[in-house]
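Peer 1: Dock chain B against chain A, hints included.
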Amino acid sequence: MNLLFTTLAIMATTASFAQMKATTNKTTFHRETTVVTVIQADEAIIWALLTNAADYPRWNSTVTSIEGQIALGEKIVLKSTLDAKRSFKLKVKEFQPGKKLVWGDGKGQRTYTLANNSDGTVTFSMSERIGGLMFPMYAKYIPSFDENFDTFAADLKKEAELIQSKAN
Amino acid sequence: MVLSSESLTAEFERCSAALKSYILRITANKQDAEDIVQETWIRAQRSLEQFKADSSVKTWLFAIAQNIARDHLRSLKRWPENVGDICKEAAMGDQEFFREAMTIRQTSPQGAFEIREHIAFCFTCVSRSLPLEQQIALMLKEVYEFSVKEISEIMDSNEAMIKYYLHTGRGKMIEVFDKRCALINKEGVCHQCTELNGIFNPKQNAQEEAVKIQMVRDAAKKDKEHLFDLRMKVMQELDPFTSPAATLQLHHLEFDRKVMEQRPEQELTGS
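Top to bottom, those sequences are chains A and B. Just so we're aligned, residue 1 is where the first sequence starts under the numbering used here, counting upward by one. Just so we're aligned, residue 1 is where the second sequence starts under the numbering used here, counting upward by one.
Here chain B stands alone, though its shape is the one from the complex:
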């Protein structure tokens, strides 16, 4: 089957939002996401004849995008799982961060603070503590709902290895969030989403807002696998570029990225 330029354009338009949010979530960088999606379009147009109908156009586009992203990410440091603590400390000493955030809060139509959006933002940051292959496979499966076979095509790997990446990546994230996230564990050390709710949305009761989220309501059941699935559902339901809190969360993400890039290499190994 020959893929026409028109068909490619139509399919690209259908999946470009998912593609862009996926790249944002693995790179944690808005500019990279925009550049990589653009480059994906250019490369796909140039290599139409290389498209093989044994995979969908969407899978093919994700494969091109993740190749570009992976090459880029290989040269960057991974982040530690306590990235939130590190960036919180940096933010506390940075008046500029809060000034900008408050301006966004007051002026942007996407400046609202939503706990569920912060849950998605938090996962984007913490999942950068996984080995790159695990992070990519996990995101593709759990958030973008590709099958293991499709992920093996996107990542140019075999299905057995994808299963290994998914198993280890998922296990690690469940462990990290169970240890850290106060939304699902009373002993959890991280309360950032509810703390930030108090700063950016002081009239709102954080606890009341939190229990509107299924994951928080089900926390008492203590089924870690189920809670992780619900966390992923929060991710699935949000587009980080168009959600009501997008501008504010992207501002947080950009701040975190800068903090982590400026951090000395030896301090970025605690994953």
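Excised from the complex, chain A in its bound form:
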């Protein structure tokens, strides 16, 4: 009985550190993709990775470049592997250090949140909501974000946990 309990406990712990697959919800006028992962690293490290624009291409295989400064009200130009030919001109709309970051344009909005867990881990969530009245006209031309989101979250988790593991 004890062995069964221990096994279940280990499985539960392992599951809590695993990354959940990105999910997408669609309506007529909107589409929202979300990914959530639990990271064993200090929120300051994750926040630093998310807000240091020039450093993105080093650790994030989905981002080709980000020009500009990631700070409230600033404009950034993002190039992603989602569409290598396009530059996304975005504005940083919310910037709560260690908690929440939002950037976007007229068509969509990307939200990052961090939440500290009681076991010292951090739950990272990233979602992107795109849409509007014209959305049905161009929806079929926008590729799925799911795989890209999975990669983004996995890269972030890997890099943050690597930095956290460095010796003092």
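The reader is advised that the hints may include incorrect statements.
[What the hints assert, rightly or not] What follows is a set of in silico ranges between Cβ atoms, one per label pair, in the way DEER data are often shown:
#: 1; chain 1: B; residue 1: LYS179; chain 2: A; residue 2: THR27; range: 47 to 57 Å
#: 2; chain 1: A; residue 1: LYS93; chain 2: B; residue 2: LYS224; range: 35 to 45 Å
#: 3; chain 1: B; residue 1: GLN236; chain 2: A; residue 2: ALA54; range: 46 to 56 Å
#: 4; chain 1: B; residue 1: LYS179; chain 2: A; residue 2: THR81; range: 16 to 26 Å
#: 5; chain 1: A; residue 1: LYS93; chain 2: B; residue 2: SER47; range: 35 to 45 Å
#: 6; chain 1: B; residue 1: ASP71; chain 2: A; residue 2: SER165; range: 30 to 40 Å
[Unchecked claim] Keeping only pairs whose Cα atoms sit at most 20 Å apart, straight-line, the calculated DMTMM-like set for lysine to aspartate or glutamate is:
#: 7; chain 1: B; residue 1: LYS30; chain 2: B; residue 2: GLU237
#: 8; chain 1: A; residue 1: LYS166; chain 2: B; residue 2: GLU237
#: 9; chain 1: A; residue 1: LYS166; chain 2: B; residue 2: GLU153
#: 10; chain 1: A; residue 1: LYS166; chain 2: B; residue 2: ASP223
#: 11; chain 1: B; residue 1: LYS77; chain 2: A; residue 2: GLU67
#: 12; chain 1: A; residue 1: LYS166; chain 2: B; residue 2: GLU175
#: 13; chain 1: B; residue 1: LYS149; chain 2: A; residue 2: GLU161
Keep in mind that the hints were calculated from the coordinates and are not lab data. No residue lacks a Cβ here, since even glycine has one placed at the ideal position from N, Cα and C.
Peer 2: The following block gives chain B in isolation, referenced to the frame of chain A:
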């Protein structure tokens, strides 16, 4: 614990050489290093009662010094990683530079040219291409061997951020030197240390001298992390103010600083 003026003086004397070399290596400016160390002493004496025994006096002095240096450096431009190429080009067209350097070579007791000293000089210049926090954290950890906790006290930051600065700064420097330094990579574009050895020490075989350095001997192993550690060991073993080539290298450093300060802002972004 109350820190007495006598204890402070004794500790300051013990660590002032390291303090001065550290400030030189983050500012790349001899005059700034001397001024900042002096100002550190004055501020420490004035604020003895603010010393808290939860850190060492050495850590406290480094914190004061780096605060002064950081305020000063924030107003200055960062340098590009190819600073060596830029300054070499400027030096080639500047007869005065070579005339002064040759005079130092012939007259100064610290005018010898040493490849290993140039390795340290080179790192001082190239590390100015890092964001300031990364450069400071890297120097404190890798050269002056402070712990992450001590660096967080010196930089008034948290340990997680220091780990981030160290990870990114170290990664960037490894990449730059792997790409540029011909001592560790046959495809490396920079041969300046061996070229200068030919100019300032023509009787010496540069290749023979180079292989006396552990980093060069181990280059074939291609372990980039290990090679970076050996580069830092070269830094640790040298005091840029008292080494046999100090006067000559400080002359080079001063020349580089002037070249970079005169360079237009838009040309200093390629890091």
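Peer 1: Note whether the CB distance of LYS93 of chain A and SER47 of chain B lies within 35 to 45 Å or breaks it.
Peer 2: holds, 42 Å
Peer 1: Keeping to a limit of 20 Å between CA atoms, is the pair of LYS166 of chain A and GLU153 of chain B held or broken?
Peer 2: holds, 18 Å
Peer 1: Given a hinted range of 16 to 26 Å, is it respected by the beta-carbon distance of LYS179 of chain B and THR81 of chain A?
Peer 2: The hint (16 to 26 Å, Cβ to Cβ) holds, given that LYS179 of chain B and THR81 of chain A are roughly 24 Å apart.
Peer 1: Is the Cα-Cα distance between LYS30 of chain B and GLU237 of chain B 20 Å or less?
Peer 2: holds, 19 Å
Peer 1: Has the given pair, LYS77 of chain B with GLU67 of chain A, been kept, meaning a C-alpha gap of at most 20 Å?
Peer 2: At roughly 18 Å apart (the allowed maximum being 20 Å), GLU67 of chain A and LYS77 of chain B satisfy the hint.
Peer 1: Do ASP71 of chain B and SER165 of chain A keep their Cβ atoms within the hinted range of 30 to 40 Å?
Peer 2: holds, 33 Å
Peer 1: Run the distance test for LYS166 of chain A versus GLU175 of chain B: straight-line Cα separation, threshold 20 Å.
Peer 2: holds, 19 Å
Peer 1: CB of LYS179 of chain B to CB of THR27 of chain A, is that within 47 to 57 Å?
Peer 2: holds, 49 Å
Peer 1: Within 20 Å, alpha carbon to alpha carbon, are LYS149 of chain B and GLU161 of chain A?
Peer 2: holds, 18 Å
Peer 1: LYS166 of chain A and ASP223 of chain B were given as a pair; does the straight-line alpha-carbon distance stay at or below 20 Å?
Peer 2: With a Cα-Cα distance of about 18 Å, the restraint between LYS166 of chain A and ASP223 of chain B holds, given a limit of 20 Å.
Peer 1: Below or equal to 20 Å on CA atoms is what counts here, so check LYS166 of chain A against GLU237 of chain B.
Peer 2: This hinted pair is violated, its Cα atoms lying about 25 Å apart.
Peer 1: Can the suggested window of 35 to 45 Å be confirmed for the beta-carbon pair LYS93 of chain A and LYS224 of chain B?
Peer 2: holds, 40 Å
When held up to the earlier numbered hints, the structure conflicts with 3, 8 and fits the remainder.
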